[in-house]
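Visitor: Next come the chains, spelled out residue by residue.
4 protein chains.
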Amino acid sequence: MIIMETDATREQIARVIKEIEQYGLRADVSKGAFRTVIGLVGDESKVDFAHFATLPGVKEAMRIETPYKLISREYNKFFETGEQRFVVKVGNIEVGGDEPVYMAGPCAVESKEQLFRIAEGVKKAGAHILRGGVFKPRTSVHSFQGLGAGGQEEAREALDWLRDAGNRFEMPVVTEVRGEIQVDLVAEYVDILQIGARNMYDQDLLTKAASTGKPILYKRHFGAGIEEFLSFTEYMAAEGNKNIILCERGILPVGKGKSYTRYTLDLGAVPAIQKETYLPVMVDPSHAAGRRDLVYSLSCAAIAAGACGLLIEVHYNPAEALVDGQQMITPDELKDTINACNRVHKAIDLKKN
Amino acid sequence: MIIMETDATREQIARVIKEIEQYGLRADVSKGAFRTVIGLVGDESKVDFAHFATLPGVKEAMRIETPYKLISREYNKFFETGEQRFVVKVGNIEVGGDEPVYMAGPCAVESKEQLFRIAEGVKKAGAHILRGGVFKPRTSVHSFQGLGAGGQEEAREALDWLRDAGNRFEMPVVTEVRGEIQVDLVAEYVDILQIGARNMYDQDLLTKAASTGKPILYKRHFGAGIEEFLSFTEYMAAEGNKNIILCERGILPVGKGKSYTRYTLDLGAVPAIQKETYLPVMVDPSHAAGRRDLVYSLSCAAIAAGACGLLIEVHYNPAEALVDGQQMITPDELKDTINACNRVHKAIDLKKN
Amino acid sequence: MIIMETDATREQIARVIKEIEQYGLRADVSKGAFRTVIGLVGDESKVDFAHFATLPGVKEAMRIETPYKLISREYNKFFETGEQRFVVKVGNIEVGGDEPVYMAGPCAVESKEQLFRIAEGVKKAGAHILRGGVFKPRTSVHSFQGLGAGGQEEAREALDWLRDAGNRFEMPVVTEVRGEIQVDLVAEYVDILQIGARNMYDQDLLTKAASTGKPILYKRHFGAGIEEFLSFTEYMAAEGNKNIILCERGILPVGKGKSYTRYTLDLGAVPAIQKETYLPVMVDPSHAAGRRDLVYSLSCAAIAAGACGLLIEVHYNPAEALVDGQQMITPDELKDTINACNRVHKAIDLKKN
Amino acid sequence: MIIMETDATREQIARVIKEIEQYGLRADVSKGAFRTVIGLVGDESKVDFAHFATLPGVKEAMRIETPYKLISREYNKFFETGEQRFVVKVGNIEVGGDEPVYMAGPCAVESKEQLFRIAEGVKKAGAHILRGGVFKPRTSVHSFQGLGAGGQEEAREALDWLRDAGNRFEMPVVTEVRGEIQVDLVAEYVDILQIGARNMYDQDLLTKAASTGKPILYKRHFGAGIEEFLSFTEYMAAEGNKNIILCERGILPVGKGKSYTRYTLDLGAVPAIQKETYLPVMVDPSHAAGRRDLVYSLSCAAIAAGACGLLIEVHYNPAEALVDGQQMITPDELKDTINACNRVHKAIDLKKN
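Residue numbers (this note's numbering), protein chains in the order written: chain A, 1 to 353; chain B, 1001 to 1353; chain C, 2001 to 2353; chain D, 3001 to 3353.
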């Protein structure tokens, strides 16, 4: 990392960047109110930092041995922004701001009618952002894979509905991209690109999605430790895109015998990650629980743990959903949940968090 | 399980019990307002339930194939008590009642002065029950094992202090029993016997502790699934002691790399267990987090998830604690935490939980 | 699944396929010596099997509710091939045949000279197939990502070396593809496409790689259960490509404290999978152990457990390797390992396995 | 740790021990051919090692910060015994010697006839030591708990049979002790005390069992890391009993979906532990697999990994066993397994292990 003097000139900065690039690395340039900090992206094992320290305009040059630095509070302290968290703006909505943000909608988009009916329901219930899956990652090739599996045309049609529903009910929209080749298509239609838990390790997808500049909703894999999760997040930050919302959605359960929840929601990860990075963390209680009767409790718990918002699956009639019906709640239940979460949010003091 | 007619006589009940005992099994007799239900304790694979169904006074006789039935809602529905939860009474304190219960104190009792000073602090902060370890289970034989390790006399002295501190500051007291041979001694002094996570599977200890009739605070092992936890809980219920408070304290973390929390607090287990059994569930955020700066967040989250109370480690000067100093908070921080938790408790609607 | 009569005509088969496709599904047609079996690929929840059973030439039509059927022994029993295992042929090499197959080479291709020197070494030591990474999946964006990360030209150069080394030392070659967009390029050069553990869940990559028709070496993710692993394998079989070699390379370790191995090698998975599917299973002891002094023991153990072969990382000077040097062995150590494994292979009776 | 001069006198050694005890610690005195090494047992944080270094006859005094040192190779290197492993002698049998040792027998002793019939079978098959459970740890209080659960008299009767069967068929016998209060009773009858996986953390049981001086067969808990396992082993060594045989029997499986093995056998732990400590490690493939058709493969794999022996459950008619029938093999299958294992043992070179 290279910290420039407060009065460093553009030419001095440009020279540093040029020398970084001569190592085959990229430069991540962050301009704060007072100074500019330049992060090195890539394998910096061969970089001569002593040399950089002698360049004009350079205040300090040091090697940072950590798999994530662009997103860490440690690295970002050199800006002294004083911000509790980085805020990701999506239209009028601020993720990581003063109020919890609720993303809701069906697991999978099944039809225009289904989507609009749910969109209307979640809007009335207090949701801010509409979610709906078009390309569904599924364990079995023999299960419904989302309308996007039907081909380019069906995918565009479903994405069109999503866009229209967002416009109609005044909510930004988010959907999942599962592979690199879907990124450009999906980015045409939605406000946030979601990268699902199963694709957390897909660094080519991360790089491609981040390069669109769109905000990313990035879910932790159920077998990933926090350090791994943040290390892979760094692939996106390294593309210069720091509009990243992290999402905890449950990790592998431990122990023998019957599972009472689908995954183990790791709420300790919420404050732990928010102390470690400046990125906002949301929680998906629906996938974690895998059963609708726990969504209320886990939603309240997530907000109490300091989460910036929730991602909840909703259907007017969960029994007829093609995917994950057992974990969906109705718009009425969503309303109760959002109201309770807002009360919980007021009850806690985030500064102690 | 044998469900008696509402007008079954004492003689009819006695006959059923006698026949159960002839199989080498024990009878767990529960008298409700309207009827008596008799559970069979032990291996009932050879029991002829059809025969029991023909005995006078018997309404229904059925085999229940589950590793826990005495503590399950399913089994207890035959009493139709309508209670949301079973309440464990400890002196004036009700665990599982309308308000969260806070147990607090040092990890290990180190001296009379240390204990009294902390006891006074936690009482002022709003705690209801005083905790303090005398026999400490430790991973290394080369670490401090608690004052109880010094022998019978030292153990009695430390237990005396605990009793006195409880009396002085008007709080019931709880301490851990680690082996069968300590049970009688410890039961002389304390109001609640704690069985720690590492001893969760020690069925001889469970049986012995339950046989004292004292309330038990029973912690889930970090490698145990919920079904195992409840199955071992049944060993205590089988002794006729149902004054059992369950405690979630974190399970093994998943994934590679640096751990940001000592264990993974499984808050989904709280509502899941409370839906499955009628026993109250508390949460220990201190051991789960293993770092004091997460105790506030995880405490609020636990109460939001519906926990009946918290078990928090407190020290006036965490830096000088002999055991687990890094996860202890001060009495002032405890006060903030309890106040926030009480606000969170009011914010949620337990009926939706 | 549709089982045809032994004398079913091509027209009858064609009609069944056509009707399957009318449901928007694909047909997986397997022609055995005596009869043809047609598997349905996709969501068969709406298929009317009773109707299929009435079509001419159809012997039996049944719904199979399992996330993997094309690769399962259960499904394949209808061919009664009597084969212990399906053999994947790569040039002259038979994976799943009578003798264990050894794939060896550097973790990452670093230079032509490094690759050729190692290739010569592993050939002399008894290896059958040459491995070498060009696109390296890495936890940190700040680590060496393989020569393929340098761009299309560098990737082609490294792949050229690999092809040449294979030709020169008469070994088929295998390298990893990390994203869909690399598949076509890589498939031009190598004999086997490897899909790494971190990409196990990337169904778009699986589909794309399988569609090349090349044999696939497919590694289990460290957080994946066997059922998940086989379910995702089915995505490749569903493309009509059954030349799949499965690879166990270690799963997440359990428990607190220092790790003595990088992952936990799950050798029970080897016979378990080979009893469940007809696909051959190899083992990668290098990544599992993460330390070179355990590679000999775990290699012998893997062969003793019935593995069809091993994947071992080799370097003439592990200390100077850019990636994973701590787990590489030298060509001389490889020779000892292969010899011991061959003796172990003779010592066991695979029929009892 | 205090390393004495080679010519240190008994008085000098006695003085060191006395000073150690003045700290409230115990001394573990190991006399090698050339010198004596004294380990400190207990919390040595307050010990002044500089002072010890000045005592007459002391060569070196140093603090060793590790949760296990009495059993570690590191600590024991000061004896330079040159032994590959420490050998635990049980009658004529050497565990950790040149040949693998096989312990076999029923999971639970059910009757004298059952036990004798199985004992005869396993002896003929090549087993060296007879196992049989009298006190069974069980997940459910409603399952068969072993004959020992019937009371003191039944326990003695079953232990008598075990002793008689051992004498009759010339095999030492091993059985499990589940709680401290059973130790004295069981030690009267058997040659090896087994401490089961569920009781791994029961430090009071460990201390009590070790104090009998009998060899201990100590199983790793399914949620325990290797460091924890060895740390708790140290509790026994601290009693001065180093006749400890460690046993790997499977850890918690990872991942979602159907389990194909009951636990995950961690064979990497075998060489890892044997490199870390001088204690012999055995493997229990029966509990790990939980299915009899994998016992042959996993037995061969365990021996190939360098295990000193196996612990296998055997029944002449597994279908009628009261406990764990699904994982038992017959005496004939045991014979095949032992023969294969002996061939595998010859195929590997333990020096490379």
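Just so you know, the hints here were simulated from the structure itself, not pulled from any lab data. Wrong hints could be hidden among the right ones.
As the list claims (entries may be wrong) - Which residues of chain B face chain D? A partial, calculated answer using Cβ under 10 Å:
| no. | residue |
| --- | --- |
| 1 | S1140 |
| 2 | F1169 |
| 3 | E1170 |
| 4 | G1240 |
Said to hold, decoys possible - Far from chain D, by Cβ distances over 10 Å, these chain C residues were calculated:
| no. | residue |
| --- | --- |
| 5 | A2155 |
| 6 | Y2189 |
| 7 | F2222 |
| 8 | A2224 |
| 9 | S2231 |
| 10 | T2261 |
| 11 | V2270 |
| 12 | C2300 |
| 13 | V2323 |
To be verified - Straight line, CA to CA, 20 Å or less: simulated EDC-like cross-link-like pairs of lysine to aspartate or glutamate:
| no. | chain 1 | residue 1 | chain 2 | residue 2 |
| --- | --- | --- | --- | --- |
| 14 | A | K256 | D | D3324 |
| 15 | C | K2258 | B | D1324 |
| 16 | C | K2258 | A | E227 |
| 17 | A | K351 | B | D1332 |
| 18 | D | K3352 | C | E2333 |
| 19 | B | K1258 | C | E2154 |
| 20 | D | K3258 | C | E2227 |
| 21 | A | K335 | A | E227 |
| 22 | A | K46 | C | D2349 |
| 23 | C | K2335 | D | E3333 |
| 24 | D | K3258 | C | E2333 |
| 25 | B | K1352 | A | D191 |
| 26 | B | K1351 | A | E170 |
| 27 | C | K2351 | D | D3293 |
| 28 | C | K2258 | D | E3074 |
| 29 | C | K2352 | D | D3349 |
| 30 | C | K2352 | D | D3098 |
| 31 | C | K2256 | B | D1324 |
| 32 | C | K2351 | D | E3157 |
| 33 | D | K3346 | C | E2227 |
| 34 | D | K3335 | C | D2324 |
| 35 | C | K2346 | D | E3333 |
| 36 | B | K1351 | A | E333 |
| 37 | D | K3258 | C | E2065 |
| 38 | C | K2351 | D | E3333 |
| 39 | C | K2346 | D | D3324 |
| 40 | D | K3046 | B | E1227 |
Keep in mind that this is a model prediction, so the values were computed, not measured. In this text, a Cβ means the ideal position worked out from N, Cα and C, and glycines have one as well.
Visitor: Hints the structure violates: just list their numbers, smallest first.
Guide: 2, 3, 4, 7, 8, 9, 10, 11, 12, 19, 21, 22, 23, 24, 25, 26, 29, 30, 32, 33, 34, 39 and 40
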